[in-house]
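Novice: Put together the whole structure using the sequences plus the hints.
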Amino acid sequence: MRWRVLSVLLVLALVAVACGDDDATTTTSGQAASCDVADLNLFTAGQLTVATGEPAFPPWVGTPDGDNFDEPESGVGFESALVYALAEEMGFTADQVVWVRTGFDEAISGPKNFDFNLQQYTISPERDEVVDFSDPYYSNAQALIAFPDNGIAGATTLADLQEARLGVQIGTTSLDYIEEIIQPNPDVAVYETTVDAKSALDARQIDGLVVDVATAYYITAVEIPGSIVVAAFAAPADSPDEFGLLFAEGNSLRDCVNAALATLRADGTLASLEDQWLVDAGGAVVISE
Amino acid sequence: MLWPRRSPRRSEEGGRAALIAAVSTVVVFGLLIALVLNSAYWPAVQRQFFNWRHFRASFPLVLDGFWLDVKMFIVAEVLILVIGLAVAMARSLRGPAFTPLRLLMIGYIDLARGMPLLLLILIMGFGIPALRLPGVPNSALIWGVAALVFSYAAYTAEVYRAGIDSVPESQRMSARSIGLTQAQGLWHVVVPQAVRNVIPALLNGFVSLQKDVALVFVLGVREGLREADIYNARTFNYTSYIAAAVLFLLVSVPVARFTDWYADRQRRRMQAMST
Chain A
1 MRWRVLSVLL VLALVAVACG DDDATTTTSG QAASCDVADL NLFTAGQLTV
51 ATGEPAFPPW VGTPDGDNFD EPESGVGFES ALVYALAEEM GFTADQVVWV
101 RTGFDEAISG PKNFDFNLQQ YTISPERDEV VDFSDPYYSN AQALIAFPDN
151 GIAGATTLAD LQEARLGVQI GTTSLDYIEE IIQPNPDVAV YETTVDAKSA
201 LDARQIDGLV VDVATAYYIT AVEIPGSIVV AAFAAPADSP DEFGLLFAEG
251 NSLRDCVNAA LATLRADGTL ASLEDQWLVD AGGAVVISE
Chain B
290 MLWPRRSPRR SEEGGRAALI AAVSTVVVFG LLIALVLNSA YWPAVQRQFF
340 NWRHFRASFP LVLDGFWLDV KMFIVAEVLI LVIGLAVAMA RSLRGPAFTP
390 LRLLMIGYID LARGMPLLLL ILIMGFGIPA LRLPGVPNSA LIWGVAALVF
440 SYAAYTAEVY RAGIDSVPES QRMSARSIGL TQAQGLWHVV VPQAVRNVIP
490 ALLNGFVSLQ KDVALVFVLG VREGLREADI YNARTFNYTS YIAAAVLFLL
540 VSVPVARFTD WYADRQRRRM QAMST
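Heads up: the protein sequence lines correspond to chains A and B, in order.
Residue numbering for the first sequence follows our numbering, starting at 1 and increasing by one per position.
Residue numbering for the second sequence follows our numbering, starting at 290 and increasing by one per position.
Fair warning: there could be bad hints in the mix.
[To be verified] As a list, the in silico DSSO-like pairs of lysine-lysine whose alpha-carbon atoms are at most 30 angstroms apart:
id: 1; chain 1: B; residue 1: Lys360; chain 2: A; residue 2: Lys198
id: 2; chain 1: B; residue 1: Lys500; chain 2: A; residue 2: Lys198
id: 3; chain 1: B; residue 1: Lys500; chain 2: B; residue 2: Lys360
[Said to hold, decoys possible] Some but not every residue of chain B turned toward chain A, in silico, with C-beta under 7 angstroms:
id: 4; residue: Ala429
id: 5; residue: Gly509
id: 6; residue: Ala522
Since the hints were derived computationally from the structure, they do not count as laboratory data.
Backbone N, C-alpha and C fix where the C-beta goes; we use that ideal spot for every residue, glycine too.
Specialist: This is how it looks when you write it as structure tokens:
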């Protein structure tokens, strides 16, 4: 009997030791002296290795109609076009941009076989502990999708959504938005993919789906035919939802990319890319707090 | 008592054996712990998997979802035990008149056991409500539990059937000879003995169910695994999964130990009876 007690104690001790407190933050010593291509800290010298998702989908890669779907090399779609603009600004030619693919989570914990990764990563302090983010390249707002015959299709205020059964895709900031801003009474359903969320919408298990604005137009046009964008939500000023390029923790390349990004923002390139590839809130109602 | 009584001399030997076991356990586990903690990868593992701060932050959320798992597996287990027994009894009825019933039961068991549980959950959880049949509930939770019951009742029916087959044929005969119908004989004479024989196997199924309820997370249901998943997606830290694992273990390990203890006791009783 005694050794059993002992082994239980040992396992407990193991767990206790394993769960050490960890509030240490690693400091990055990113002091990029020069941003010439030759001096950059690159994954493969002489080329810019960029990672995106598998598949990479519109309007981020490809057009909302589905042209150049999953073809980041095309330069079609907001994120694809942004990468080529950044590359040019940094002194790379288009041929020197090499694309690789990673899963969304895999890019965080797995080996960093890229210079940076972009697939609509929202910048958050928690994520920033494990990886580094560039300055934001896009400010995101949330939108509500529903079938026109649903009761919430005419919603114009947050109060209209109090009893709505809403769904989101996991890993998006839409869940935080619903729970903190809309605060509906029923539990928010969380799905692995938009395909699952669509099934739930079809089955009337949820009344509406909350996603970011740019994705909303793609979903209503391509993924869930017959659905409409009911409303766009004004982003709360104190907690903006912004996308950043993802770097390995402490990668000094980030400073040079940020410099190029700042130039693109200043000369209006970033804004025109947004106009070109991302449909704005358009005719949908804008609901604010 | 977990062990039979021993004579004083043997208990002394037992004490020595326990000491050796304790020392070797300490040495082996100590070395393993030292090896792991001194590994170059340990700080990263600790940060990502055993982060106390993230554990504290995610545990209440995961616990909240885990209650739903507990409710689901309790409700499902009751239904599984009842339906499984009914199916096993229907399958065990003899005579040509019962052939269609037997075939139906065999068909159900083959179907339910042959399909991946996840597939069943997706078909029943998303598929059936999508038909929008009048009067049929569309709740993901209800259909998720229904899929679990559908699958597990088939396995459980087979466990019961093994129990029913283990009761000597003479018991059935005796029941018939005192004027009970076939169904009455099964219910009053065979089933009580059969169930006693298969309790460890039923408990084993229960342990398995306790974990499989988490699969309804694919339907968007906010149970424990899903809450852990949400936390992980938010923070990129895996400690919330460890929190969920701890909760599942807290429930399943005691049942597993109890099953061992019960099976052990049953075996000793059988031995006592045969000597």
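Novice: Now tell me if each hint is right for this structure.
Specialist: Evaluation of the provided hints:
| no. | hint | in the structure |
| --- | --- | --- |
| 1 | B:Lys360 - A:Lys198 | 27 angstroms, holds |
| 2 | B:Lys500 - A:Lys198 | 27 angstroms, holds |
| 3 | B:Lys500 - B:Lys360 | 13 angstroms, holds |
| 4 | Ala429 | 5 angstroms, holds |
| 5 | Gly509 | 3 angstroms, holds |
| 6 | Ala522 | 4 angstroms, holds |
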